[in-house]
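Student: Below are the chains, spelled out letter by letter.
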Amino acid sequence: MNSKIIKINSVSFFAGFIFAIGLAISGMTQPQKVIGFLNFSDWDPSLLFVMVGAICVHMVAYPLVRKRSSPLFDVQWHVPDRKDITSRLILGSALFGLGWGLGGFCPGPGLTTLATGDLRTIIFVGSMIVGMILFKKTEIYLKF
Amino acid sequence: MNLEQYLSPLIGGAMIGVAVTMMLFFNGRVTGISGIVAASLAKPTQEGLWRWIFLAGLICGGVFIQLIFPDLLVNLSDRNLTQIAIAGLLVGYGTVMGSGCTSGHGVCGISRLSVRSIIATLTFMFFGFLIVQVLS
Numbered sequence: 000m001n002s003k004i005i006k007i008n009s010v011s012f013f014a015g016f017i018f019a020i021g022l023a024i025s026g027m028t029q030p031q032k033v034i035g036f037l038n039f040s041d042w043d044p045s046l047l048f049v050m051v052g053a054i055c056v057h058m059v060a061y062p063l064v065r066k067r068s069s070p071l072f073d074v075q076w077h078v079p080d081r082k083d084i085t086s087r088l089i090l091g092s093a094l095f096g097l098g099w100g101l102g103g104f105c106p107g108p109g110l111t112t113l114a115t116g117d118l119r120t121i122i123f124v125g126s127m128i129v130g131m132i133l134f135k136k137t138e139i140y141l142k143f
Numbered sequence: 000m001n002l003e004q005y006l007s008p009l010i011g012g013a014m015i016g017v018a019v020t021m022m023l024f025f026n027g028r029v030t031g032i033s034g035i036v037a038a039s040l041a042k043p044t045q046e047g048l049w050r051w052i053f054l055a056g057l058i059c060g061g062v063f064i065q066l067i068f069p070d071l072l073v074n075l076s077d078r079n080l081t082q083i084a085i086a087g088l089l090v091g092y093g094t095v096m097g098s099g100c101t102s103g104h105g106v107c108g109i110s111r112l113s114v115r116s117i118i119a120t121l122t123f124m125f126f127g128f129l130i131v132q133v134l135s
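Those protein sequence lines, which keep their order, are chains A and B.
If you're matching positions, the first sequence starts at 0 in numbering that gives the first Met the number 0 and goes up one per residue.
If you're matching positions, the second sequence starts at 0 in numbering that gives the first Met the number 0 and goes up one per residue.
It should be emphasised that the hints constitute simulated quantities derived from the structure, not laboratory data.
Keep in mind that the hints are not guaranteed to be accurate.
To be verified - Quick list of in silico lysine-lysine cross-link-like pairs, BS3-like style, CA-CA up to 27 Å:
#1 A:Lys-6 to B:Lys-42
#2 B:Lys-42 to A:Lys-135
#3 B:Lys-42 to A:Lys-66
#4 A:Lys-82 to A:Lys-142
#5 A:Lys-136 to A:Lys-66
#6 A:Lys-136 to B:Lys-42
#7 A:Lys-82 to A:Lys-6
#8 A:Lys-82 to A:Lys-3
#9 A:Lys-66 to A:Lys-82
#10 A:Lys-66 to A:Lys-142
Note that the coordinates shown come from a computational prediction; the quantities given were computed from them, not determined experimentally.
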């Protein structure tokens, strides 16, 4: 492994670690809070501030970082630039939203709470991976 | 609503913002957890190793919290195993079809004002609200 790859992998580990701590401090790793945030009749607005905090930091940082011609440890950017609004984008996001509200987990918190050994987390992560594989296997049959 | 109630989410959110900024600044990558998981299911390559390592960091972060503040990871929701299993399938299938989740679309995409990500986020929030109303 060359030194660039070691640097890229070290950053990836620390970013993943900080991301997990952020999720836990923010409350995203407690499905009851996520469900409370998505409940109109007894709304718990606290999780709104997770988005506010994350977006405030990244929205300021993004244009500054992109002023560089390339990232520090790579020769090119790997940022998606698609603009097309597709049926897949809408239907996929709708299915994800239903799953998010049903379980109270999105992918990051699911993985972060694996450390609890809680059966519900393990089932969630397992079935999420099955769902991902299922999409890749059934994608060719989709007519849109 | 007291200070504590929104200060922790704000600080946690800012840390998430720092983590995704690190991934962009050093590696030029968007931190979309669903995309990272889905891509890491493919045949491993040396160039793609960072995905496994990011996920290892995420899981180790969880272990660290479990050791010092286990209360932050407790699931007190009323959802049963069947609901959780269906939820996982929907999240996995939907995020790959829609090319992103809360992190990729909700944080990274919105921050760079991607119209696709704004529409995706509004859509998953709407359907999340919808199912929670139906179930409560």
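Student: For each hint, tell me whether it holds in the structure or not.
Tutor: Outcome of the hint check:
{"no.": "1", "hint": "A:Lys-6 to B:Lys-42", "in the structure": "22 Å, holds"}
{"no.": "2", "hint": "B:Lys-42 to A:Lys-135", "in the structure": "14 Å, holds"}
{"no.": "3", "hint": "B:Lys-42 to A:Lys-66", "in the structure": "34 Å, violated"}
{"no.": "4", "hint": "A:Lys-82 to A:Lys-142", "in the structure": "21 Å, holds"}
{"no.": "5", "hint": "A:Lys-136 to A:Lys-66", "in the structure": "39 Å, violated"}
{"no.": "6", "hint": "A:Lys-136 to B:Lys-42", "in the structure": "15 Å, holds"}
{"no.": "7", "hint": "A:Lys-82 to A:Lys-6", "in the structure": "32 Å, violated"}
{"no.": "8", "hint": "A:Lys-82 to A:Lys-3", "in the structure": "31 Å, violated"}
{"no.": "9", "hint": "A:Lys-66 to A:Lys-82", "in the structure": "21 Å, holds"}
{"no.": "10", "hint": "A:Lys-66 to A:Lys-142", "in the structure": "40 Å, violated"}
Going through the hint list in order, the structure does not satisfy hints 3, 5, 7, 8, 10.
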